[in-house]
Structure formats: structure tokens, C-alpha cells
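These protein sequences, in sequence, are chains A and B. As numbered in the UniProt record's numbering, residues 1 to 660 make up the first sequence, in order. As numbered in the UniProt record's numbering, residues 1 to 605 make up the second sequence, in order.
You may find that some hints are simply not true.
Unchecked claim - With a cut-off of at most 27 angstroms between alpha-carbon atoms, the simulated DSS-like pairs for lysine-lysine come out as follows:
1. A/K174 with B/K405
2. B/K513 with A/K183
3. A/K252 with A/K268
4. B/K574 with A/K427
5. B/K252 with A/K427
6. A/K126 with B/K513
7. A/K546 with B/K252
8. A/K546 with B/K282
Stated by the list, open to error - Below, a sample of chain B positions facing chain A; criterion: calculated Cβ distance under 10 angstroms:
9. Q396
10. S412
11. R448
12. Q451
13. E471
14. R484
15. D486
16. Y490
17. T491
18. N492
19. G494
FYI, nobody ran anything at the bench for these hints, they're computed from the structure. A virtual CB, placed ideally from N, CA and C, is assigned to each residue, including glycine.
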Amino acid sequence: MKSKLYSAFGLVLGSLLLPHLAAAQTGMKAKEGKYYAITDVPVPDSVVLEVGGLAFTPDDKLGVATRHGEIWLITDPYQKRSKQPQYARFAYGMHETLGLAWHNGSFYTTQRSELTRVTDTNQDGKADMFQTVASWPLSGNYHEYSYGPLFLPNGDMLVTLNLSWVGRGASLAKWRGWMMQIKPDGTMRPFAAGMRSPAGFGFSENGDVFFAENQGDWIGSGRITQLDYGDFAGHPAGLRWSGEYGSPIKLKPEQFPDSIGILHDFAKKTPHFKEPSVWFPHTLMGISTSAVLTIDSDEFGPFKGQILVGDQGHSKVMRAFLEKVNGKYQGACFPFLEGFSSGVLRLVWGSDHSLFVGMTSRGWASTGPALYGLQRVNFKGVTPFEIKAIRAQSNGFELEFTSPVNKKQALDNSLYNITGFTYSYHKTYGSPIINQQPCPVVKTEVSEDGRRVRLYVDGLREGYIHEVNAGSLRSQAGQPLLHNVGYYTLNAIPKGSGPACAVTPRSVAATAAANKGACGSDPAKCVTTQPAGWSKPDITLQIGTKPGLKFDQAELKVPAGSRVKLTFNNNDDMLHNMVITNPGKGDAVGKLAMEMGLSGTNLAYVPASKDVLFNTCLLAPETSQSIYFIAPKTPGDYPYICSFPGHYAVMKGILKVVRR
Amino acid sequence: MTVRSFLLHSAIIVGMAACSSAKKEKEEAPAPPESLPMEVLSLDNLDAFAAPDNNWQLAGNVYVNRQQPQQMEVKEGKGILAFATAKGNSTLRTKMEHGDIDLELDFMLSGQAGATLLFQGKYPLQLKDSWLKDSVTVDDCGAVEGKAPLLNACKAPGLWQHLEVKFRTARSGYSATGTTEAGFERVVLNGRTIQQEPSLDSITTDTLLKQVQTGPLGFLVKNGPVAFRNIRYKTYNDKRAALTNLQYHVYKGVYKNHDTIKLLMPVRSGQTDSLTYRVGDKRAQLLLEGKLQLPVQGEYVFSIRAGGPIRLMIDGKEIANNGGTRDYQRAFYGDTVLTAGPHDFQLSYANYDECMVLLYEGPHIPFTALTTPASERLVEPSPSMEYVLKGEPAIQRSFIEHRGKVDAYSMSVGAPVGINYAYDMVTYSPLLAWHGRYIDVAEMWHERGEQQLARPLGATLDLAGIPCIAELSSVKAPWPDSMRVDSSDYTNRGYMLRSDGLPMFFYTLHQWKVEDYLHPRQDGKGLQRDVTVTSNGAKDKAYWLLASGGIIEKLADGSYAVDDKNYYIETAVKPEIVEDDGQYRLVLPLETGNKTTDIHYSIIW
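Model the full assembly from the supplied sequences, consistent with the hints where possible.
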């Protein structure tokens, strides 16, 4: 029950964010729509298609396992013969089937407590045989979801077992938090540990297993990790069972103090620890990674071999490029496609190389508002101008583009912004972005064909995520980048020759220090001591908050040109600021704040805009701050907002400037 | 301090004395009672009743032939109150008179028999053989004046049925004007609520100022025979505890250790007349202190429920503590013996989630809130989502409640004739059976479905749920009571959906191949179980368990009454009754070699 409190809270925040994200998305969705078409696969009214698993049969029917424990068979999901594909209920009555595979004449699906083989033995179109291949204990906690199977080439299967939730991730039943390997005869062995919410896993191009993890306790942000037998992926709760027969891992939960520091440093000295291959920074990419699917053809655009990762909460599909450095995977993730109708949980390829996207959002709200759905993505044949790949170099990165770049523009060092950061590895839920530092680009080279740009970068750090932003770079043909940012997880910096770049820790540190505690980019807008020459303010205003993301006053009144002391008392339980803007510019400033990305936290989410007149710092709960300013000389309605991302649409008011 | 209260607190007292045995005793301290014990109406003789006529007698055991109406065989003894004749018009009245009362009893009806319980000698609750009736009316079992029961929760004639009643008396006169009607706040038959009158569930101060009516409990029988046993009750008067001189102190921060605030200065203090978290602040510690004025000496039970750490101290002693949980739906209990008069009262609450509820129960005082209604955080109930059968059977796997615990491996099977059962897919054994509608799935399919429970929509018969086949050296050897989930002894297991839409479960234990098919009996009177066990060269002895539980008796008609007449097993095979320290099993040996044993039997309840 505890979890209900947390989740309800999460849902409230989520729903408040939705309108803005949705608004931001429509713009991007339209741009992406020039290259990739998202269409609905219509679902009959009588079918609750809360997708838990997707798998095609050999005769090209799409099998859909649902959270109600059904398997539907969709004939002609491509809508070649009819706009309304035929749905037939193949099986039902199972317990929250969250994975589906077809193998040798049967479906295989994972229920909460077992892996089940589902067969239609009398060929009447309905399953009649349900065989328990293997089962595992449950404690009865709702969070004990089970996923899979993924068939290995030898016919064995992998399943993953979600942790229980008791206000934190806990392994209340044996093997919760593990990936298990199951032979066709039902023999089961623990394969890898350290998972929290491993809803999605799949193969890379060369057959390595990757699983997607969700932000939570011990997990600072979403990520994908490659797993071999005997690997540990970071969440210690499941290690409670590492002493059990068959465990390849000897780590114990006691070896994990509540706050460890940087995951990379701890992983290096800890046997079995496999650090994430690619981090998907929370909210900058998505908020809840789901399916993992490799692009297996050139028919889906220029990204063959890369991995698609779904995101349930943000209703999107992201893209990851992988490379091996020192024998281990690392790489970059990129935005790819957003604006799906519900929460993206499952991805599968159709025979025509279109992508089927299965969705559900019951209990976990998603930006796509529908409760469930099935959609399909077709590549339109036009290549988008994108950063195709980012490769680590000994002293920087090489960016590969999908088409030649404007060479002259690409040589401008100042075009690129590279920032290193990471997350705390601790028991606490989630993590702020920590140790953020800019990495100056000191030199740029462009390949002869214009498709590769070599950046020489100062201040790269091993074990850190690096945001690589190519800004306004255009293609040779004058196209802007469809998405101009990628996040490279630099677990290892490859050794190599090439011009050495001096790392300049001093300048990096100086920048960081300058950022620290800043309240917006312009200190003149945030004066916190009474200016010299004021004997006293002409008017003193007090404002606080009330529950439900609101200021406690919707209107304040000041005479034009008066000397104002304004005290903002944040008596809420969340972070807030107060930003006064030019008339009619409240929403615009709020939107700008949402786009500040990594720099947002350091600048108190106050964008550098002429429409920002005055602002407070970002105030922690139960703190207050007074600012001093001279009221505008022009009477009018000056909006004030909280510009913390997601708050501005509801947390706002009007400063009425009246004639003296 | 009385001996009893000393024992109750021995854990705490010994725990304070630092000796090695203290720790052990502390671990073994029993959980505090969740309510005061009920008074027992003795059936050792008929002294509890006023002028019983000859129709009423005491019995040691009773048997009903369920095929024959209005017939009962009575064995000499005591402990059972029987009205053994078919016709009569006789009311038996207790000497005990009651106003508000909680009553529990078991009753048994012969076929077509009935009885009326008369609360205060005049407010009727019908008990009647309404077994298998599709719809129930104001004349059926569980009806109260003018109100039909919410559903048919009746069991077959000859089985013990369990009844729980909360009756509220009428009140009138005294200083308050107007009258309060008598009524049944709640009636629960065989585990299902069949009457509910929410307006009666709280007695206000106004109500208490009125005069209470009292009267005896009556047992009226016109069509017998019927029998009663285990008659227990709590009667209540209108005395209540009160809080006086209530002070509150609000401290900055929230603390699991309630003594932390001794080091802090309150940020705010004051007087209050309401016990509620609302006098404090969110995310702040709240201390409420005052006097608890008790009307009588005796044993008191306290129940606390809060979103965040809470501790109740009385006279400087910890009475109840929720261990710091934020689970505001889970109650914690403490009990103590207290004298009449004032006691130091202290309640400390770390307000995480705005819910603080304190109830108490005392001698002839029902559970009553000391906190105000606004101090409780209400939980939005899941909407109802009935899984309606559309003319054919259905199956659905889920969690299910079984004997007070969650079984995570259950399949519920429903047939449109109104016969349903739940089956455990680890032990391959039935867990529950019920008549009527199938299940409600809101707790699975609404929002996250955090309970994942299917809720049976009828009165459930509890079955053992333990493995049904075992290889044993002898029929007397201990029966296995569980099966491992992750390395089951069963192989090749699962179920086949038959053309009738019902599952046939199958599994193999070593050489023993089992097929297990449960379906409604042709006559709709229960569940038929058809089991086929094939011994593929098995040499070791093995047995099939038809039933288990409390006493199993073979009846005159050849069927078996199982688990102290909780249900019937009807079969043509010849199983053996095995007793093992008060627990009984109905067991059939299986044929070894290369043979097939067919076992057919019915479960009737």
C-alpha cells in the first residue's frame, strides 16, 4: 500500500506535465512525420488491447499478449486487404502476460508466476493446451511483474523478474531482480542479477543480450545494459538470493552502502558488475525505458544495426548506437520518434519491415493519452538529416551524419556544445544530474565526404555521460538536424594517437563554480539585498504557495515605478521559483525554461530572455527569499510564474502594475 | 496490576531487564488481541434460557439426511442446542437481555426447515433452508424485516453455517428528542455480508443520551429440526471513554523514534477538543496529551492506524506502536487493563500521509473512535468490475484470498449454472468453491491492480489446497502440505481446455500421471471431480486425498461429512478416514504397476 502513495504522487506530477510535453511534441511529431509515418492499427471496441507482448506467427498474423491475460491474433495487421484487421481471441485467462514469443508451433508467454507454452492442438484457432514450462515463487506483491521469453539460438529462453515494491525495490520472493535462463524441459538457472524493472530485453545485431532498466532506487536514470551469464547490473536487492544453489554471482546486498558515489568507480572494483552500456538521461530522453529491438534492415531508414528502445511514460521510441571499446559496449542514444498514442511497451518488426508498437498506460500515465493501443511505423523513404552515430575517440568524438554536412559551418568549434555529467549511485529513488561540466570543443575536422565530423574535446571524463549537441548544424543541402542532440556514455576512452588536447580542469572548475547557486543568468534580475540608496521599499509584498501547484495569491498590485520588496515563501513540498515576465509572456518564458535541458538546474530554470524581468532563486521546500526591484514604469498585467519545468501552466498569477 | 495484565506486559517488562532470556521471550510474545473476547452462552445445560419447553434439548452431535426433509438424528451430549421435532411454534428466550449486541453462532438446518432469531425478543432475522435458490426474497435465509438478503449465501442442509450479526437497539426519550430505530448494521452469513445498514454503524453522542431498549435473544422455530452451537456475543451499554484537557504540540520534522521530540522545542502548542492530525502540520511531528477518562475498570483494546509512525502511551506505558509504517490501511493493536477514572494519555504521530485513527474497545463498549472522522484518510474503493459469464464457462488466473492469506497461483473457474471454484496451480488442488456469480476483477484490472485479487462473488467454501497425490510408505504417514514453486516435483503440468470450456488439469509425479477435471454436477448441487491416475510402472505406494480438515464422518447415506460438517463428499469409491492428531484425511490408495485408477466424487456444500 505504501507504494500507492508514491505512485499517486508520481501520477499527479506526471499529469501536470502532460499538456506541455504534448504541446512540445506536436511540433516535433510533425517534423518526424516527414520521414516516418505513425498509423493506428484499429482495435475493435470490444477488445481491451493493453499490450504486454507482441510476436508474429509464421503465417504473418500478429499475436498480442495483453495485461488481461489474453492472446489475440490479428490477421492482416498491415491493413492490406481491409482497413479493419480481423481480431480473434486465441487464448485467455492467464495472469498479466507481459511477453510473447512464437516457437515451433506454439506461443510462449510469461505470466506472473510462470513461463507458459500455449498451443492450439486441434487447429480450431483457439488455444486448448497450456503447459507450464517453469514457475517461480511470488510474494503476492503487485510489482512482481515477469517478462519474456526471449529465445536463445539453442532454444533456451530468458525471462526477467521485476523487483517487488515496498516503498523501495525489494526482492520478496526468490529470484526477483534476476534474469533466468530456462531450458525447454523447464530446468531453470539464474543468469544475471541486479535488475529493478527489466520490462524490456532483446538482442543486439550480433546476438548479445541487452536489457532496459527504469529509473528508481539505485537507478539514477534509464539505461540499457549488455548482459552475459554471471553479470550484475546494479540493483542490490536481488542479491539476497546470491547464496542460493546455481547462483553465478557471489555479491551480497551488505556490500552496498546506502550512498556509494559514482557507479562507474564502484563497478570497476566490484567483480561481476556490468555498468550500463548506454544511459538514457531521465526526462531528457524518456522516463521509462521498455522494449529493446534491433533495426535489422535498411528498409527502415539509415540506422541498420542500431537499437530502438521504447519509452512508456513519454510515448516515444528512442534510438541507440553501440560500439565496443576495450571489448565492452558503450554508445550514444538519440531521440527518434515521439507522439505515440499511449505508453510504448512493446516493439516488433512486421514482415514488410514496418515497426509495430504495442502500448498500455493503465496505472502508469503516459503522454500519449489513450489507455492502450497498437500503432505501426513506416519509413517513408526520405532520409532525415540526423546524427547517425557518435564514436568515442582518444580525445573527443566522431559524429557520423546521415547526409553530408555544410562543411564550412561544421568547422566552427562554437557550434557544438558538449557537457559531461553523471548520476549518484545510491539507495535513494532517482538522482539529480551531478558533476556537470562543459567540455570545450577545441578543434573540428570534417571528412572528405562530409558525413563525419571529428571533434577534439577538452575535459572528457571516463564513466560519464556526455551530451553532444550539434546545435544549428545544417546539411549540405541546407536542412537543419531533425534532432541535434545525443548522449554518449563514455565508460572508456579509447587509446589512440592524434593531436593531444590538454584537459583544463581549472577552466572547467571555474565554469562549474560560476554556475553554482546562480539564480538565472542575469544577477541584476535577482537582487536579494536592499539596493543602496533605498531608505525603505515603497511597498512590501508577501507571497506563498498552496497545494496543487499554486501561488497563494493569484494577483498582486504595485504602483508603476515603485520600489518593491517581494518575499516568496516556498511553503510547498516541491522546488519552486517565481519569475515575473513582460506582459503576455508568462507561457513563453515557461516554455523556454522547459527547453533549458542540462543547464536548467544550474540556472534555477530561469531562461536568459529579455522577457524575464525579475526572478527569485529556485527555492527548496520550507525556504523563503526576498528580492528587490523597481516596478515597471508602464502600467499593465505582468504575469508571474513558477518556471520549474511543468509548473508554469498552473502555477501563475498577475502582477498588476497600476498608475501612481 | 492484575495477573493477567502482568502477563500481557511481561514481554515489555522482561525486555527492560537486561538478561539473556528476555530477548527470547520478547520474540515469542504473542500478537496482542485485535478485540476483546466474546461471552459464551453455555450449552452445557439449558440454564441460560428462560423456561425452555420440551422441544428444545442439548445434544453432543446431530446428523441430517440431506435427501430427506425435516429430519434430524440427535446424539446425546452437550454443546449443541437442538430443536429436534419437525413442527412447533416455540420460542426459546435467553435470560440475558441485550441492547446493542454483536452475536456469532453456528446453525444447522434440516431440509426445508427454518428458524427465526428474535433480537430483543421481537426483531426477526430469518434462518431458512434456501440452499441453491437462484434469487432470494424477504422470506429467505438472511432476511430481516422487509429486507431480502443481498445474496444467497446458504449452505446445504445438515452442514454447519456460520452467522455474525451486529444488531443496534432502538433508543428514545431522555434529553434528546426523537427516536432511533433498531436495525441490523451488518449480517454476515458464511463469510459474506448479506445485510448492511451503514447508517447504523456509528452511534453519536446524541444517540447515547437516549434511553436504550433491551430484551432477550429469542429462537423461534415453526419448521424444524434445527440446531445451534457456539453461541457467543458481546453486549454493549452506552458508557464511553472521554478525552479531557487535551493539549497539542507541533514539532518541526518527522521522527520514527517518538522520543526524539523530548530534545526539541515545539513550534506551536495549544488546547484542542478534537483528536485529529489536523491540529498539526503536514510533515511535522504531533504530540497530543491529556487525560483519558474511563467509565469502568476492565480490559481495553486499542487500535491505531496511521500514515506514518504513531505511538500510543497510557500512564507512561507504550500501548500500541505501528513500527513506523506509512501503510495507513493496516491497524496495530495493544491491550491493557485499566481502572475507572482518569489516565495519562499521550499520542505521538509523525504526519507523513495525513491519516491518524485511534479506536478503543472496552468492557461493554464497542470499538469507538477517539479520533474525529476528519482525521481518517479515506481510500477510494475500487469500482466494481464483475466478470460476467456469457453463457459459457470462463477461467481466469489471479491472486486470491485463501484462509486469510494471498494465494498467488490461483485459477478461478466459473460455470454459468452458478458453480465456481478456485484451483491452485502449484499444488494442483482446489482452494475454494462457491455458488452464484463468478468473480470481480477490479482489484486486478483497475489502475495498477495493486491487490491482483479476484474476488469471488459468492460465499466461499474453503478447501485445503494441499497436494492431492503423495507417495507414502503407509496410509498413516504424514501427508505433504505444500509443493515447491520453483522446482516442483510435478512435471509435464498444465491444463487442457476441453470442448465444454472447462479446464482439465494434468501433471505427473514420478511415474504417476494425473488428470483432474472438475465440473458442475448434472443436478447443479455441487462440483463433480473426475480424476484419472495412471501408474506407469510405479512400484511405490501412493494415495489420493479426497478431502482433509477437521473431523470427517461417514454418514448413514454413505457420503462423508468433512471438516466438522463443513461440506459433503459423495463418492462410489471406498476411501479410508485417517486421523492424525485431530486432523482428518479421506484417502484412497492408488493401484501400482501399470493401472489406471478412476476416482469420481462430488463436493457438495
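So, going through the hints one by one against the coordinates:
With a C-alpha separation of about 19 angstroms, the suggested pairing of A/K174 with B/K405 holds against the 27 angstroms cut-off. Pair hint B/K513 plus A/K183 holds up; C-alpha atoms about 22 angstroms apart against a cutoff of 27 angstroms. Proximity of A/K252 to A/K268 is assessed by CA-CA distance (about 17 angstroms); at most 27 angstroms being required, the pair is judged to hold. As the CA atoms of B/K574 and A/K427 are separated by approximately 61 angstroms, the hinted pair breaks the 27 angstroms bound.
This hinted pair checks out: B/K252 and A/K427 have alpha carbons roughly 25 angstroms apart, not beyond 27 angstroms. Pair hint A/K126 plus B/K513 holds up; C-alpha atoms about 25 angstroms apart against a cutoff of 27 angstroms. Distance hint between A/K546 and B/K252 is fulfilled; the C-alpha atoms sit about 19 angstroms from each other, no more than 27 angstroms. Taken as a hint, the A/K546 and B/K282 pair is honoured in the structure, with Cα atoms around 13 angstroms apart against an allowance of 27 angstroms.
About 5 angstroms separates the beta-carbon of B/Q396 from the nearest beta-carbon of chain A, less than 10 angstroms, and the hint is met. With its C-beta approaching chain A no nearer than about 9 angstroms, B/S412 sits inside the 10 angstroms limit, and its interface hint holds. Contact between B/R448 and chain A, as hinted, is supported at the beta carbon level, the nearest pair being about 3 angstroms apart and thus within 10 angstroms. Interface restraint check: B/Q451 against chain A, minimum CB-CB distance 7 angstroms, threshold 10 angstroms, status holds.
The beta carbon of B/E471 is not positioned within 10 angstroms of any beta carbon in chain A (closest approach about 21 angstroms), and the interface hint is therefore violated. With 10 angstroms as the threshold, the beta carbon of B/R484 comes within range of chain A, its nearest partner Cβ sitting at about 8 angstroms, so the hint holds. At its closest, the beta carbon of B/D486 sits 5 angstroms from a beta carbon of chain A; the interface hint therefore holds under the 10 angstroms criterion. Interface restraint check: B/Y490 against chain A, minimum CB-CB distance 9 angstroms, threshold 10 angstroms, status holds.
Taken as an interface hint, B/T491 checks out: its beta carbon lies about 7 angstroms from the nearest beta carbon of chain A, inside 10 angstroms. For B/N492, the interface hint holds, the least distance from its beta-carbon to any beta-carbon of chain A being 8 angstroms, beneath 10 angstroms. With a least beta-carbon distance of about 4 angstroms to chain A, the hint placing B/G494 at the interface is held under the 10 angstroms criterion.
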